[in-house]
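*Asks:* Next come the chains, spelled out residue by residue.
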Amino acid sequence: NAGVTQTPKFRILKIGQSMTLQCTQDMNHNYMYWYRQDPGMGLKLIYYSVGAGITDKGEVPNGYNVSRSTTEDFPLRLELAAPSQTSVYFCASSTGKNTEAFFGQGTRLTVV
Amino acid sequence: GNSVTQMEGPVTLSEEAFLTINCTYTATGYPSLFWYVQYPGEGLQLLLKATKADDKGSNKGFEATYRKETTSFHLEKGSVQVSDSAVYFCALRSNYGNNRLAFGKGNQVVVIP
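Residue numbers (my numbering), protein chains in the order written: chain A, 1 to 112; chain B, 1 to 113.
Isolated chain A (complex conformation) (with noise of 0.2 Å):
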């Protein structure tokens, strides 16, 4: 009953260090997702799959980096932090058109 599962939960980076958030989902879900929360923002959309090899930027894609070679696995690459990478990013999937998505639990990132 594990659904979306993210890693770390939290993390610090100092500027200019690279990291891979890992999120894997048990459900074998098509679509997955790569979302960050700011303040104040609700969520906005880095990077999505609809399959397996398949993937798109979403509205703040600049800074990251995906790769989706298995359904479950969606990883999500930082070449350079910078400062203002410094948020909550949450990974999530669905079956298809019109439905809901499940989230992660999420990574708390702080770039220092």
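What the hints contain is simulated information worked out from the structure, not anything from laboratory work. Any given hint could be a false lead.
Said to hold, decoys possible - Computed cross-link-like contacts, PhoX-like style, restricted to lysine-lysine with a CA-CA straight-line distance of at most 25 Å:
1. A:44 - B:105
2. B:105 - A:57
3. B:56 - A:9
As the list claims (entries may be wrong) - FRET-style restraints, in silico, Cβ to Cβ:
4. A:16 - B:26: 35 to 43 Å
5. A:18 - B:52: 43 to 51 Å
6. A:82 - B:9: 26 to 34 Å
Quick reminder that beta carbons are idealized off the backbone N, C-alpha and C, glycines included.
With chain A's structure known, arrange chain B on it following the hints.
*Replies:* This is chain B only, laid out in the frame that chain A set:
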């Protein structure tokens, strides 16, 4: 493009008070509409949804009706509890285009005993 607008500012109210959170949307075609809730330190959870005009979504005492004529999906609860303190997000998913979920900015609700 698709967008969701929620009323500004946090909402503070006393236990057993009536809660309304306004949500209006702009979308192509006939979107599905959702309310998500985020409890402190947790991810978003689906609270309720409606997939066509005049549908009413309901769950845990919360209700919202899909009003196409006013492009609205206001969330209501007749008697709130302290445990309802959370952030509430309105969202839509369109049938057309890239089918992404678009979220409003969210409303912090604080219920005081």
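*Asks:* Could you run down the list of hints and mark each one as holding or not?
*Replies:* Quick rundown of the hints versus the structure:
Between residue 44 (chain A) and residue 105 (chain B), the direct Cα distance comes to roughly 9 Å. Compliance with the 25 Å bound is thereby established for this hinted pair. Of the supplied pair hints, the one linking residue 105 (chain B) and residue 57 (chain A) holds, its CA atoms being roughly 20 Å apart against a limit of 25 Å. As the CA atoms of residue 56 (chain B) and residue 9 (chain A) are separated by approximately 35 Å, the hinted pair breaks the 25 Å bound. In this structure the supplied range 35 to 43 Å holds for residue 16 (chain A) paired with residue 26 (chain B), their Cβ-Cβ distance being about 39 Å.
One distance hint, 43 to 51 Å for the beta-carbon pair residue 18 (chain A) and residue 52 (chain B), holds here, with the actual separation near 45 Å. Against the hinted window of 26 to 34 Å, the Cβ-Cβ separation of residue 82 (chain A) and residue 9 (chain B) comes to about 30 Å, which satisfies the hint.
Violated hints amount to a single one, hint 3; each of the other numbered hints is respected by the structure.
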